Amino acid sequence: DKARQRVVCNEHFDLLAAAITTSDWKELNRLGERYNKICIGVFGTAEDAAGHEQIASASVELGDFRKALTASEKCIALYYATAGCHISKTRSLIGLRRVSDAKSSLAIAEKLIERRLQVVAGQSAANAPASKREELREALNLLKAQGENAASIKARHFQ
1 DKARQRVVCN EHFDLLAAAI TTSDWKELNR LGERYNKICI GVFGTAEDAA
51 GHEQIASASV ELGDFRKALT ASEKCIALYY ATAGCHISKT RSLIGLRRVS
101 DAKSSLAIAE KLIERRLQVV AGQSAANAPA SKREELREAL NLLKAQGENA
151 ASIKARHFQ
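Residue numbers are given in this note's numbering: position 152 of the sequence shown equals residue 152, and the series is strictly consecutive.
Please note that a few of the clues may not be correct.
The calculated BS3-like cross-link candidates involving lysine-lysine, where the alpha carbons are at most 30 Å apart (straight line), are [to be verified]: (1) LYS37 / LYS26; (2) LYS74 / LYS37; (3) LYS111 / LYS132; (4) LYS111 / LYS67; (5) LYS26 / LYS2; (6) LYS74 / LYS154; (7) LYS74 / LYS2; (8) LYS67 / LYS26; (9) LYS103 / LYS26; (10) LYS144 / LYS74; (11) LYS67 / LYS144; (12) LYS144 / LYS111.
Treat the hints as calculated values from the structure; they're not laboratory data.
Quantities reported herein were computed from a predicted structural model and do not represent experimental measurements.
Work the whole structure out from these sequences, hints included.
Here's what the structure looks like:
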């Protein structure tokens, strides 16, 4: 039943977050693969991309740059606007020593982050209802972290 599957997939988001918080990259990889098996199609395409995004992040951390690149590209194909997928793609390309491609990928990530920051900030400034404010605050924090990550990559590899 669809309602039960939504509950299971929402719980899976919590598990993904726990693996990220604890930097348990093997578990994040496993959970991302499991998410892709049981949660694709339950929500929207942005959420469908989440499993691939987490596999890409975990694979970069584990040094499996080919797997990271494949997962990043699957994520981008599902939902192009996911900046985290472009950042993972950038990091995997750096790991594969494809610096020119990495630079292009990072430029896309930076533009996506900038655009989304403007949208989220505008929604926050528009006196969002209390139920939406926490979600917007979390989105803003994620975007700021992604922006810092992109700036760090740029400073380390492209300056």
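Hint-by-hint comparison with the structure:
A C-alpha spacing of about 17 Å is found between LYS37 and LYS26, which places the hinted pair at or below 30 Å, so the restraint holds. Proposed proximity of LYS74 and LYS37 is supported: the alpha carbons are some 14 Å apart, at most 30 Å. At most 30 Å may separate the alpha-carbon atoms for a hinted pair to count; LYS111 and LYS132 meet this at roughly 25 Å. Between LYS111 and LYS67 the CA atoms are separated by roughly 25 Å; this keeps the pair inside 30 Å, and the hint holds.
For the hint pairing LYS26 with LYS2, the CA-to-CA distance comes to about 29 Å; that is within 30 Å, so the pair holds. Between LYS74 and LYS154 the alpha-carbon distance is near 24 Å, which keeps this suggested pair within the 30 Å criterion. Annotation: proposed proximity of LYS74 to LYS2 holds, straight-line Cα distance about 25 Å (limit 30 Å). Taking the CA atoms of LYS67 and LYS26, the gap is near 13 Å; set against the 30 Å cutoff, the hint holds.
A C-alpha spacing of about 27 Å is found between LYS103 and LYS26, which places the hinted pair at or below 30 Å, so the restraint holds. About 24 Å separates the Cα atoms of LYS144 and LYS74, which keeps this hinted pair within 30 Å; it holds. Among the hinted pairs, LYS67 with LYS144 is consistent with the structure: their alpha-carbon atoms are about 26 Å apart, no more than 30 Å. Taking the CA atoms of LYS144 and LYS111, the gap is about 13 Å. The hint holds against a cut of 30 Å.
In this structure, every one of the numbered hints holds.
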